[in-house]
Structure formats: C-alpha cells, structure tokens
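Chains as they are written, first to last, in the UniProt record's numbering: chain A, 1 to 249; chain B, 1 to 429.
The reader is advised that the hints may include incorrect statements.
What the hints assert, rightly or not - Derived coverage of chain B by chain A (criterion: at least 3 residues anywhere in the stretch with Cβ under 8 Å from a Cβ of chain A; other residues may be distant):
(1) 144-155
(2) 195-202
As the list claims (entries may be wrong) - Okay, derived cross-link-like pairs now, PhoX-like style, lysine-lysine, Cα gap no bigger than 25 Å in a straight line:
(3) B:K147 / A:K155
(4) B:K188 / A:K137
(5) A:K129 / A:K229
Hints listed in this document are in silico derivations from the structure and should not be mistaken for laboratory results.
Heads up, the beta-carbon is just placed ideally off N, CA and C, and yes, glycines get one too.
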Amino acid sequence: MLENEAYLSKTTHLPRKRFFRARAHSNPLSDSHFPVPISPSHVDYSLHYPQLVVSSDTTSSKKVEFADIGCGFGGLLISLATLFPETLMIGMELRDKVTEYVKERILALRKANPGQYQNVSVVRTNSMKYIPNYFQKAQLSKMFFLFPDPHFKEKNHRRRVISPYLLDEYAYALRVGGIIYTITDVEELGEWMNSCLAGHPMFEALTQKELEADPVVKLLSSATEEGQKVSRNGGQTFQAIYRRITPIS
Amino acid sequence: MDVESITEETELHDKQSELDVAPALIAVHPTHHSLVVAIGSELRVFDLQGSCCVILGDGSSGHKDSIRAVSYGANGKLFVSAGDDKLVKIWNTDTWQCIYNVSSEKRVTAVAISNDGHYVSFADKFGVVWVVELEGLHQSSAVVEKKPAPMLSHYCSIITGLEFSPDGKYIVSADRDFKIRVTAFPTKPLEGAHEIQSFCLGHTKFVSCFTFVCNQEYPQGFLVSGSGDSTVCLWEYESGTLLNTCEVGAEAGLLQSNGSEEDILPVITDLCASRDGSLVAVAVQSLPGVLLLSCNLSVKSLSIVRKITITEEAFIPTCLSTSSTSELLWLVMGVSNLKGSVSPSLARVRAISCFGQNSEPIILADSEIPGGEQLLKTLQGNLSIEKEVFSRTAEAVKIAMNNLLIKKEYNVENREYRKRGRNDKKKYK
Ligand SMILES: C[S@@+](CC[C@H](N)C(=O)[O-])C[C@H]1O[C@@H](n2cnc3c(N)ncnc32)[C@H](O)[C@@H]1O
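Using the sequences provided together with the hints, build the complete structure.
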C-alpha cells in the first residue's frame with residue numbers, strides 16, 4: 001500500500017529508513033504493550049522462518065542460534081544471514097517502528113533474492129525482561145550487543161543492557177562455548193561491559209588469536225548502521241568478546 | 001504515538017500511597033512449637049508448647065512499618081521478619097531475642113532462611129535478592145548488624161516469594177511478571193548466584209505464591225505455584241517443565257462478574273502443602289475458606305478435591321501455614337490500617353484439621369484451637385470480632401492483595417505528572 005509513495009527505494013527496492021522515524025530512546029524499564037510469549041515453546045517460529053521451520057514440529061526443527069540484542073535497523077543480521085545461511089538468527093528490538101522497518105527490510109530482501117534471507121527475523125521485545133521467554137537454556141551459540149545505548153548517569157546504569165545480573169541470563173541462554181560480542185564507541189561503556197564480563201564466573205575472554213580467526217569479529221564495527229556512522233566520523237571503538245564457560249565451583 | 005501504559009514500578013513505587021494496607025501473615029514453627037502472626041508493624045508470637053504469649057526479646061513490638069514477609073528456618077531455631085521499614089530481623093526462637101539486624105536499602109518483599117541456617121536471603125523492591133551469612137545462634141545479648149551482599153536480580157520485577165529447595169541446592173524466586181526463577185545456590189553465595197538452573201514459565205499473570213511438595217519417593221520434590229491467572233501449576237523445577245495446570249478458579253466455579261463485559265477469575269493468594277505432599281490448601285481471593293487440591297506425584301497431577309467453606313463469618317484467608325508434625329492448617333485473615341474503624345487492624349486466626357490421612361476436614365471452633373482463648377487473644381488482639389468489621393476487612397483485604405500483587409499501570413498523562421514531581425529529573429533540566 002505504501003509502495004506508490006516511494007516507500008521502497010527505487011534503486012534497492014528496500015524500505016526507506018525515513019518512513020520509519022522513531023524516538024531516539026526508549027526506557028527499557030517501562031512495560032509497553034506488545035505481546036510476550038508465555039515460554040519459548042509458545043513462539044511459533046514457522047511464522048518467522050516459513051521456509052525453514054514447520055510449525056507442527058517443534059522438537060526436531062531448527063532452533064534460533066544467534067540473537068542480535070537491540071538490533072536497530074538490522075545491518076548485522078543482514079550480513080550474518082548470508083555468512084551463515086544454515087543458522088537461524090533473530091534480532092530483538094524495543095522500538096516498534098524500528099522493528100517494523102527491519103521486518104520490511106527482510107521481506108524485501110527475501111523477495112529480491114529468492115531462497116536467501118530465509119534464516120533471519122526480528123521481534124519487538126524488551127530483551128532485558130523477556131530473553132527467557134524466547135530462548136531455552138543453552139539454545140544460543142552467539143549473542144550480539146552492538147553499540148548499545150550508553151546510559152551515562154550512574155543511577156541509570158541498571159538500564160544498561162550489559163550488567164552483572166543480566167549476564168546471568170545471557171549465560172543461561174548461551175551454550176557452553178557460545179560467544180557474546182559487544183562493541184561500543186563510548187569508552188566508558190566499553191570499560192563497563194568489559195569489566196562486567198571479566199568479573200563474571202561464566203565468561204572468559206577470547207584470545208587475540210581466536211579473535212583474528214573469527215570472521216564475525218570484523219563485522220562488528222562495519223555491518224551495523226551505528227557502526228558505519230561511527231567509522232564515517234572516524235570514531236574509536238571498544239570491543240569485549242567473551243566465551244561462555246562452565247563455572248568452576 | 002501510541003498510548004502506552006507504563007509501569008515504572010522499580011523507580012516509582014518506593015513511595016507508596018498512604019492508602020496502602022498490609023495483609024496479615026501467619027507462620028507456624030516447623031515442629032509446631034510456636035505460631036507467629038504479623039499484622040501491620042506488629043509481630044505477635046504465641047508459644048504453643050507453653051501455651052502462652054511471647055514477649056519479644058528486644059522489647060519492641062516487631063517492626064516500625066508494615067511487615068511483608070516472615071519465615072521460620074527449616075529446623076525452627078531461627079525466624080526472620082522484614083518489610084517496609086527496610087529492616088530484616090533475625091530472631092532466635094528459643095529466647096525470641098533479635099540476634100541479627102540487616103539494613104536493606106529498599107523495602108523488603110520476601111525472605112528465606114537456608115536449610116542449614118547459615119544464610120538469610122531477602123528480596124527488595126528493585127527485584128534484587130540479597131544474602132547475609134550468619135555465625136550461628138550467637139550468645140551475646142547485643143544485636144549483631146550484618147551487611148548484605150547482592151546475589152541475583154529479577155530485572156525490574158518485584159519478587160513475591162523466595163524459598164530454598166528441599167535439598168538446599170537451589171534458591172527459587174517468583175515475581176510479579178509471571179516468572180519463577182530457579183538458581184543454583186552457590187558454595188560462596190556472597191559472590192553472587194549466577195547459575196540459572198531453569199525458569200518455570202507458564203503463568204500468564206503474576207505469581208503470588210509457591211511451595212514445594214515432596215514425599216519419600218520424591219525427596220527433592222516438585223514445585224507448586226499459584227497465580228493471578230487463577231491457576232495452580234505443578235512443576236518439575238530442575239528443568240522448568242510444567243507438569244500439570246489446575247484451573248482452580250474456573251473449576252471451582254468462582255467466576256466473578258465485575259459488572260462489565262468480562263468475567264474475571266479470582267486470584268490465588270496463598271498455598272500450603274501437607275507434609276506428605278498429597279494435599280495442597282489454596283486460598284483464593286473472595287473465597288471464604290480454602291480449596292483442597294489433591295496432588296498425585298506419581299502421575300504428576302493436581303485436582304480439586306474439596307471446598308472447605310467457613311460460612312459463619314466471611315473468613316477470606318490472607319495467609320496459610322502448617323507444620324510438619326501436625327495435621328492442622330493455620331489460617332489468618334487480616335489487614336493493617338483499616339480506615340475509619342474503631343479497631344485499626346484486624347487479624348482473625350482459624351485452624352482446620354485437613355492434612356490428616358483420610359479423615360474429613362474439621363474446622364476447629366475457637367474453643368477447640370490449641371492454645372484456646374489465650375492464643376486467640378495474643379494473635380488476634382481481641383477475642384470477638386464484629387460482623388461489620390469482618391465485611392469491611394474483606395474489602396480491605398482485596399485492596400491490599402491487589403496493591404501487593406498487581407502492577408500499577410500509569411497512563412502517559414499520569415506518568416508525566418509523576419515525572420514532573422520527581423527531583424532527580426528536575427536537577428538535570
Ligand atoms: C544505539 S542503537 C544500536 C543499534 C544496532 N545494534 C546498531 O549497531 O546499529 C541501540 C538499540 O537498542 C535498542 N534497545 C535499547 N534497549 C533495548 C531493550 N531493552 N530491548 C531491546 N532493544 C533495546 C534501541 O531501541 C536501539 O535501537
């Protein structure tokens with residue numbers, strides 16, 4: 001319906017960002033009224049991945065393995081979709097309009113590239129509250145937190161999407177050996193994320209060698225809209241990349 | 001912009017409205033030595049062995065503000081109480097001396113004592129669960145001040161219940177969203193409890209209460225939870241598997257018409273399991289009496305077996321408790337801060353013999369209650385309660401429970417108004 005209004009770009013046939021203007025920030029502590037699945041088994045992933053997941057078959061069908069938390073406009077997912085064509089991945093985004101944009105973007109890509117981008121989807125949700133509603137224990141092999149909102153004020157630190165408590169939940173959703181990727185252009189936040197991860201008994205930093213061997217690492221600063229903005233402005237970035245380990249008890 | 005209903009409970013709820021009334025609580029010593037009723041800020045203790053009222057060792061009447069949580073330790077040597085005065089008091093139940101004091105930054109909503117009695121854990125209004133380590137039943141007469149360490153957090157949801165699993169391996173916390181979280185209780189809890197064993201997800205509204213049911217065959221037990229969705233659920237909590245759901249409100253025919261289009265099912269307010277795990281007593285909002293569910297652990301099912309109605313007075317229990325050595329279910333109905341009443345608070349205590357092997361339940365008359373008049377005088381404050389006070393209490397109980405359990409939702413307008421009133425926002429303008 002919007003197509004006539006040049007809502008889809010003529011050259012790329014992708015939805016134009018300006019039709020999805022959104023508030024810059026949402027307060028993640030507020031409950032908004034979007035549907036929340038009762039439990040992971042209540043999510044019908046066949047709606048997200050119609051070509052790859054059959055709804056009747058919940059036990060044996062493929063499960064989502066990558067989650068991009070606060071995925072924004074979805075640039076990372078789009079890159080990962082073709083890099084890992086066999087892996088199901090999902091973006092979680094709090095802002096309604098942004099989520100709608102990513103949805104449209106994926107649908108347009110699927111249409112333009114038959115057979116591709118079938119493994120990527122997005123949900124509107126508050127990841128700080130509802131991760132356990134989407135993922136079973138040890139379901140994920142990668143979680144991404146790219147350029148999250150910094151929440152500078154000390155009293156707002158608990159709004160940060162990486163915190164010691166939330167890491168407990170991420171450790172629950174990640175399998176042993178799974179990897180959590182974080183990047184920011186805000187030095188203070190970079191230090192914070194790194195120190196939260198370093199202090200957590202269920203995470204261990206990747207070695208330099210491992211970082212170099214991982215093709216995903218290169219995407220962190222280049223694949224997302226926020227990352228591109230930062231590099232256009234010649235900004236510095238700070239990464240913290242950790243592996244989920246079994247805690248020594 | 002879409003009109004969002006906003007909850008900012010963790011930021012805003014710290015200042016509660018004056019209208020807030022606190023439901024009465026009851027706790028029975030695990031081997032039936034004593035009985036405690038908490039009403040408002042008052043802790044009323046009755047010694048069931050000596051059949052006498054207990055004067056608290058610190059000369060206080062309990063707390064300085066509404067008590068929200070009480071619990072005995074597994075062996076009965078310790079008792080813990082806490083609430084809106086942000087103090088967690090740990091009592092020696094031999095002397096009823098307060099032996100430890102813990103200051104919380106926020107109001108306290110739930111407490112639990114580890115099975116070995118070494119740790120006390122409590123949840124605050126921010127959804128953070130804290131822990132303190134005790135050095136036993138120290139003999140010094142001075143109260144020892146303890147500093148708590150944060151252990152885990154439910155992100156932005158108020159915790160309604162906190163318990164250690166029967167084998168002590170897990171600490172379980174339930175919240176006002178719909179979550180039950182099972183966390184491994186670590187060997188060094190002061191360093192945090194990071195390993196989430198499972199989430200029990202299935203309730204569609206707040207979880208108001210939960211307990212464990214065990215028997216000889218299943219010593220580690222199962223978890224039973226009650227919720228605002230009017231159901232009671234049976235869980236294998238180590239994996240978070242939902243085994244059975246009992247649609248209590250619907251099955252007991254407790255549909256309430258609220259005058260508008262929709263009928264609402266009543267909230268489950270508390271539950272209490274018999275020591276052999278075969279029966280679960282359930283308190284339901286607006287129901288005078290309790291429902292008895294039979295819990296069959298070998299086939300993993302819950303079903304209503306009986307409605308025990310207390311008809312001669314509108315007795316709607318706010319809290320239930322039992323011990324491992326008696327067949328009695330103890331019940332209290334009450335609230336503090338009753339407005340416009342001669343008696344500002346009401347607590348009514350009843351006992352039902354219903355956890356016996358196969359006998360019919362008996363609702364004990366006041367004269368038949370262990371401790372008799374003496375007990376009722378201690379725990380209720382007075383012996384007879386007028387009908388009129390009862391009906392008003394019933395109404396207040398409902399409000400109190402709602403305030404406690406149901407999230408306050410503010411529309412945008414209201415929220416903007418509240419924001420304007422906040423100093424922290426002004427500062428940065
Ligand atoms: C600065 S943007 C970065 C977006 C993207 N990762 C990128 O690199 O371009 C942060 C995003 O996180 C989203 N966000 C913030 N809190 C969130 C939450 N609790 N749950 C889901 N998304 C959240 C915001 O709406 C925003 O789109």
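Results for each hint:
For the region 144-155 of chain B, the assignment as covered by chain A holds, since 3 residues bring a beta-carbon within under 8 Å of that chain's beta-carbons and 3 suffice. Residues of the region 195-202 of chain B lying with their CB closer than 8 Å to a CB of chain A number 6, which satisfies the three-residue condition for coverage. Distance hint between K147 of chain B and K155 of chain A is fulfilled; the C-alpha atoms sit about 21 Å from each other, no more than 25 Å. Restraint check: the Cα-Cα separation between K188 of chain B and K137 of chain A comes to about 23 Å, which is no more than 25 Å; the hinted pair holds.
The straight-line distance between the Cα atoms of K129 of chain A and K229 of chain A is roughly 29 Å, outside the 25 Å bound, and the hint therefore fails.
Checked against the numbered hints given earlier, this structure breaks only hint 5.
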